[in-house]
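Produce the entire structure from the sequences given, and follow the hints as far as they go.
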Amino acid sequence: MKVDIKNDNGKAVAIISGEIDHHNARSARSELDHFIVRAQPKELAIDLGGITFMDSSGIGLIMGRSKLMKECGGSLEVRNAQPYIKRVLRLAGIERIVKIT
Amino acid sequence: MDVLNSIKFTMPSLSVNESAARAVVSSFLIQCDPTVEELSDIRTAVSEAVTNAVVHAYRGKTGMIELTVRLLKDKEIYIRVKDKGCGIPDVKAAMVPLYTTAPEEERSGLGFSVMDSFMDKLIVRSAPGKGTSVTMRKRLVPHGN
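Residue numbers (the numbering used here), protein chains in the order written: chain A, 9 to 109; chain B, 58 to 202.
If you are wondering where the hints come from, they were derived from the structure by calculation, not from laboratory data. Misleading hints may appear alongside valid ones.
[Unchecked claim] Pairwise CB distance ranges (calculated):
#1 Lys19(A) - Arg196(B): 42 to 48 Å
#2 Val153(B) - Asp16(A): 27 to 33 Å
#3 Pro91(A) - Glu123(B): 28 to 34 Å
#4 Thr60(A) - Ser174(B): 16 to 22 Å
#5 Lys118(B) - Asp16(A): 28 to 34 Å
#6 Phe66(B) - Lys10(A): 33 to 39 Å
#7 Lys118(B) - Lys14(A): 37 to 43 Å
#8 Glu123(B) - Asp12(A): 34 to 40 Å
[What the hints assert, rightly or not] No farther apart than 16 Å at their CA atoms in a straight line, the calculated lysine to aspartate or glutamate pairs in the EDC-like style are these:
#9 Lys195(B) - Asp131(B)
#10 Lys14(A) - Asp41(A)
#11 Lys94(A) - Asp59(B)
#12 Lys141(B) - Glu123(B)
#13 Lys14(A) - Glu85(A)
#14 Lys75(A) - Glu163(B)
[Said to hold, decoys possible] Okay, the calculated bits of chain A under chain B, using three or more residues with CB under 8 Å as the criterion:
#15 28-34
#16 67-74
This one's a predicted model, so the numbers in the text were calculated from it and none came from an experiment. Yeah, the Cβ is synthetic: ideal placement off N, Cα and C, and Gly gets one too.
Here it is in structure tokens:
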């Protein structure tokens, strides 16, 4: 799994590609948290367009980053999730907490 | 149970083996010609069951996890993920959505909900100190040739 973060004037995009499971969610979590705390972006979009697999570990990853963004005064959005990944996200009712586009 | 083919895969409860378990199941299921969605559903359910065993079964120690995949008649898939770990004291409570005993690992408590939603049948048997067995079934929809 790869995390590529671009920050443009407080509007950041984190493009995650590969598979999100319990094993590799840890490194994504650490990379994203490090960036959020250091850069304090106003908006962060997690782009899941390059994700080939995601189980409920992805839900934990997104909910945890949403909480951290709120604590830092920003907001989180999830972009480009494929229909199969949206099914996993919907099971958690994540659209009530995070904007899904 | 009318078993047409089966495979058994045993692995240490290391998180790196979560993807190995998915790969084994995907390779075995190619013979059944599943749709992309069916394969995604089964891979996700297997990942959840194996992850539960990795995270909870051996409480920080490494034990063995056994994955059994069977192809039954009428394109029904049988999957069992079994460990000989600490067991689940209250299976009913563990199956309630959002129930988690590992919030520090950001476990969402949705593993069993995902298995239940993505498969046709889910049975969890557990005995404290003896281990847990998660059995799932899904019938593939006939399509094409």
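Hints, one by one, checked against the model:
no.: 1; hint: Lys19(A) - Arg196(B): 42 to 48 Å; verdict: 47 Å, holds
no.: 2; hint: Val153(B) - Asp16(A): 27 to 33 Å; verdict: 42 Å, violated
no.: 3; hint: Pro91(A) - Glu123(B): 28 to 34 Å; verdict: 33 Å, holds
no.: 4; hint: Thr60(A) - Ser174(B): 16 to 22 Å; verdict: 20 Å, holds
no.: 5; hint: Lys118(B) - Asp16(A): 28 to 34 Å; verdict: 46 Å, violated
no.: 6; hint: Phe66(B) - Lys10(A): 33 to 39 Å; verdict: 28 Å, violated
no.: 7; hint: Lys118(B) - Lys14(A): 37 to 43 Å; verdict: 41 Å, holds
no.: 8; hint: Glu123(B) - Asp12(A): 34 to 40 Å; verdict: 38 Å, holds
no.: 9; hint: Lys195(B) - Asp131(B); verdict: 11 Å, holds
no.: 10; hint: Lys14(A) - Asp41(A); verdict: 14 Å, holds
no.: 11; hint: Lys94(A) - Asp59(B); verdict: 35 Å, violated
no.: 12; hint: Lys141(B) - Glu123(B); verdict: 9 Å, holds
no.: 13; hint: Lys14(A) - Glu85(A); verdict: 14 Å, holds
no.: 14; hint: Lys75(A) - Glu163(B); verdict: 12 Å, holds
no.: 15; hint: 28-34; verdict: holds (count 4)
no.: 16; hint: 67-74; verdict: holds (count 5)
Violation of the numbered hints given earlier is confined to hints 2, 5, 6 and 11; the remaining hints are satisfied by the structure.
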